[in-house]
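Given chain U, work out where chains B, F and A should sit, using these hints.
Protein chains in written order, with our numbering: chain U, 2 to 263; chain B, 2 to 263; chain F, 2 to 263; chain A, 2 to 263.
Honestly, the hints are just simulated from the structure, not real lab data.
C-beta atoms are modelled at their ideal positions from N, C-alpha and C, and glycine is treated no differently.
Don't take each hint at face value.
Derived lysine-lysine pairs resembling PhoX-like cross-links, with alpha carbons at most 20 Å apart [claimed, not checked]:
| # | chain 1 | residue 1 | chain 2 | residue 2 |
| --- | --- | --- | --- | --- |
| 1 | U | K3 | U | K69 |
| 2 | B | K3 | A | K6 |
| 3 | B | K157 | U | K69 |
| 4 | B | K6 | U | K3 |
Label pairs and their computed distance ranges (CB to CB) [unchecked claim]:
| # | chain 1 | residue 1 | chain 2 | residue 2 | range |
| --- | --- | --- | --- | --- | --- |
| 5 | B | G128 | U | E222 | 25 to 35 Å |
| 6 | F | I8 | U | L106 | 17 to 27 Å |
| 7 | B | I230 | U | K11 | 52 to 62 Å |
| 8 | B | E113 | U | K6 | 18 to 28 Å |
| 9 | B | E113 | U | K11 | 25 to 35 Å |
| 10 | U | D13 | A | E112 | 49 to 59 Å |
| 11 | A | N63 | F | N17 | 28 to 38 Å |
| 12 | U | Q233 | B | K47 | 54 to 64 Å |
| 13 | B | D109 | A | G163 | 23 to 33 Å |
Non-contacting residues of chain A with respect to chain F, defined by C-beta distances greater than 12 Å in every case (computed) [claimed, not checked]:
| # | residue |
| --- | --- |
| 14 | E150 |
| 15 | G153 |
| 16 | G164 |
There are 4 protein chains.
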Amino acid sequence: MKENKVIRLKDDIKLNNPIMLVGLPGVGHVGKLVVEHLIEELDAEKIIEIYSPHFPPQVLVNEDSTIKLVNNEIFACKANDTDILILTGDHQSSSTEGHYELGELYLDLAEEIGVSRIYTLGGFPTGQLTHTDGVIGAVNNHDMVEEMEQYGIEFKESEPGGGIVGASGLLLGLSQFRKLDAMCVMGFTSGYLVDPKSAQFLLGVLSKILDIEIDVTPLEERAKEMEKIAAQLAEMEQQQQGQQQQYLPDTVSSDEDLRYIG
Amino acid sequence: MKENKVIRLKDDIKLNNPIMLVGLPGVGHVGKLVVEHLIEELDAEKIIEIYSPHFPPQVLVNEDSTIKLVNNEIFACKANDTDILILTGDHQSSSTEGHYELGELYLDLAEEIGVSRIYTLGGFPTGQLTHTDGVIGAVNNHDMVEEMEQYGIEFKESEPGGGIVGASGLLLGLSQFRKLDAMCVMGFTSGYLVDPKSAQFLLGVLSKILDIEIDVTPLEERAKEMEKIAAQLAEMEQQQQGQQQQYLPDTVSSDEDLRYIG
Amino acid sequence: MKENKVIRLKDDIKLNNPIMLVGLPGVGHVGKLVVEHLIEELDAEKIIEIYSPHFPPQVLVNEDSTIKLVNNEIFACKANDTDILILTGDHQSSSTEGHYELGELYLDLAEEIGVSRIYTLGGFPTGQLTHTDGVIGAVNNHDMVEEMEQYGIEFKESEPGGGIVGASGLLLGLSQFRKLDAMCVMGFTSGYLVDPKSAQFLLGVLSKILDIEIDVTPLEERAKEMEKIAAQLAEMEQQQQGQQQQYLPDTVSSDEDLRYIG
Amino acid sequence: MKENKVIRLKDDIKLNNPIMLVGLPGVGHVGKLVVEHLIEELDAEKIIEIYSPHFPPQVLVNEDSTIKLVNNEIFACKANDTDILILTGDHQSSSTEGHYELGELYLDLAEEIGVSRIYTLGGFPTGQLTHTDGVIGAVNNHDMVEEMEQYGIEFKESEPGGGIVGASGLLLGLSQFRKLDAMCVMGFTSGYLVDPKSAQFLLGVLSKILDIEIDVTPLEERAKEMEKIAAQLAEMEQQQQGQQQQYLPDTVSSDEDLRYIG
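With the rest of the complex left out, here is chain U (with noise of 0.2 Å):
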């Protein structure tokens, strides 16, 4: 496989009206964490495969002992007016210039399915454990602020300072080439952990946007065991601030522990 390898699971695929919504892994697993449940609750459907060399060279193992190549995947279902395309997958481009390659395709795709706009998700790390509800945008095209701002997003100015790296950002910086609105949707997030309750405020959010209703019990299991951990976390990391000053390297080492791998 020299290049990448787009399976279209259908013929026709005829949707009204579609915008599509990006849940690829990142800070606190919130993009993926939202696409994922989005894509059960609303029985989307599996429409295309994508496999790359800029993948890592892995493959997952099923619950049948089957396995699968690591790829990207998108899905499609209805809700009311607006159709829904969702992107997910297991990981992001191994490289630069695979980030780029990608991500032409993934519009390419989008472009032919006639999307009008594109939603990318994820987190945005506070660098604290305790839990603050919040959401906060940055868009292509400044047109989008004002309608967005009803939804409860907030937008903070050159927020977040760092910028926005990986394909959650990439797609709107290329979308932009191709006059399609696109927008980045961030839910606050420790930047520590797997984050469901961050997951479940977005989702809050988006449902909002797209006028849809989701369950979001499952989401909320989750989040309620996760926060338990963070509890935990925070109580261990405010006991050690009390130490830092003496023992420094002790701090940095739990601070790693802290840390999820991406």
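Chains B, F and A alone, transformed into the frame defined by chain U:
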């Protein structure tokens, strides 16, 4: 050498219903140990050499001070009704993209020779220095599971949890696009040491599958040596675990020492 | 985007005997600070945008929450007899090969517009937190040395000793193949901090070369702030040097803290 | 520069039965020291320059403040019956793939000029700071062994154990495909320091092979300086070994200090 270079050492290769075994460097070097042993015991003949700019720029030095450019090689031998092709080598690809490119090349060669099934061989890291007999499998076609369970291969739900990385996994994924049955067979191994004992057990399972008899004595001797080293390391580790709560950094550094560079 | 993308914002660019200034991110951000200041003071007009898969997959967020895909940009302005082109940007290439490819692209554009000389601007790391006024030069044509010494640029034998890494150096090397005069002008800087004071001094030298007047007040204010920080750091460093023989590891870690990520 | 760039400085190169010496940066810089000395002593003429996007994006600064884009270069000189080509350079390839591509390019040039044999020169790391006279060889054609033993070159079974990494080894491997005899000659060296003493000894062996006389005085002087430094380091190391069981981390960090960056 800008492209992979395939050198065919025989003009025509006629094999009877061949299967392919793949044993490349990896966890515990289990897969490579198994196929090296098979090549010797079955007196397999080298039929193809594969050189690639995706392998490190390195030559190995032979006993007679001549050199060998690092490569991957395919051997062939006759065994009952089913002839055997064996793919082994000095390295796996240095780059992500190279993994995919070489993977397709191996499958092109396998198809050209008429291979009907591929077994990739590897190690399943247990994290335990104490040896446990056992072999776990993953398949790219569920039909193989029942057949393989007869030979004592275990199939555990979604195991290994982190998927299978490198050629052993990738070949299963890429074979799927060609409707070619492939299976990864992994011997339990610590993950810290070259493991001839795991290779010996895996070889036992394999000889049942292939219905051949293999003298495992040479491997058994290497296994006994390695077992002594592992026992010493396990003892050291136990002593350190007693000290672990006081001296965490020591344990970490000693763990490092147990690791080999794959 | 598999290839670099050049967007020309003006149909025809007519410049009078133009020279090109290059100020990309690098040591002390000296070069970038200088050209950013010039673009503002000279009210330069953006004429070309360059996007590339060799830049990180990243967007920056503007004040109004719109995004900007990271890129390199060329500005133009009129200044006396000699018009000025300015190349600046968010990043240098992420890969070695990309550096060479982008370097040639910049030179193609420069030649197309009729550039007769290139000045790349950068910082010369002294390793000393105390500021020293001074600018050192390197040329790709020895004829420039005498002319440039008039403006107070120093030329020291084989300095910098480690050569010049990145676009600032590479453009001199690649220009040589085109018989295009190019010079690297480096302001003395600690190498640890963003350095507007070094930028201010370099700007003074540059305005003599270009025979233009530049108001350096804004840069001066930033420099004063930075100077305070540097003075504090220098003091800390002195204190630590007194302890250095006893506490080497501390000194090392504090040095790390002084470093910025370029 | 997307492709390698070969600049021929002479229109026609007529050499008498030429052999090629290769001395690129590597272990102890032994190979490079030897060929640099030969170029000067034999008054060799530069005939080819090779530039490549696989070299770092870097220029070096000459004594007169002009710059030189990093490259590899081929020199030629007359020596008795056998003329000598010398390949040297500032860097080896930055990437795995680049190593293979440049390797083939060097061999294309060698074949074009009619080279009948290649000697790559390098260092064999002993891990000992105390100098030992000695040169070890590896060949790509066993016929060379007997001939070379006459000149005092040792051939040890499967040594170096880790193979030969980089251009010195790769050129032997790639030459094999062209039926071109090539040999790697390695001087014993600590592996920690630039080693003119090892270079001096290797040069002695080489002048016997090539039947030429070389004044080694300049190299001898550099060797004496370096020997003093090595003696001091060896002394420090001995002192530290006495303390090793108590203070392991110190020893580790001091070992680091002995290492040079190749």
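Review point. Where does the structure disagree with the numbered hints, that is, which hint numbers, in rising order?
Key: Structure breaks no hint.
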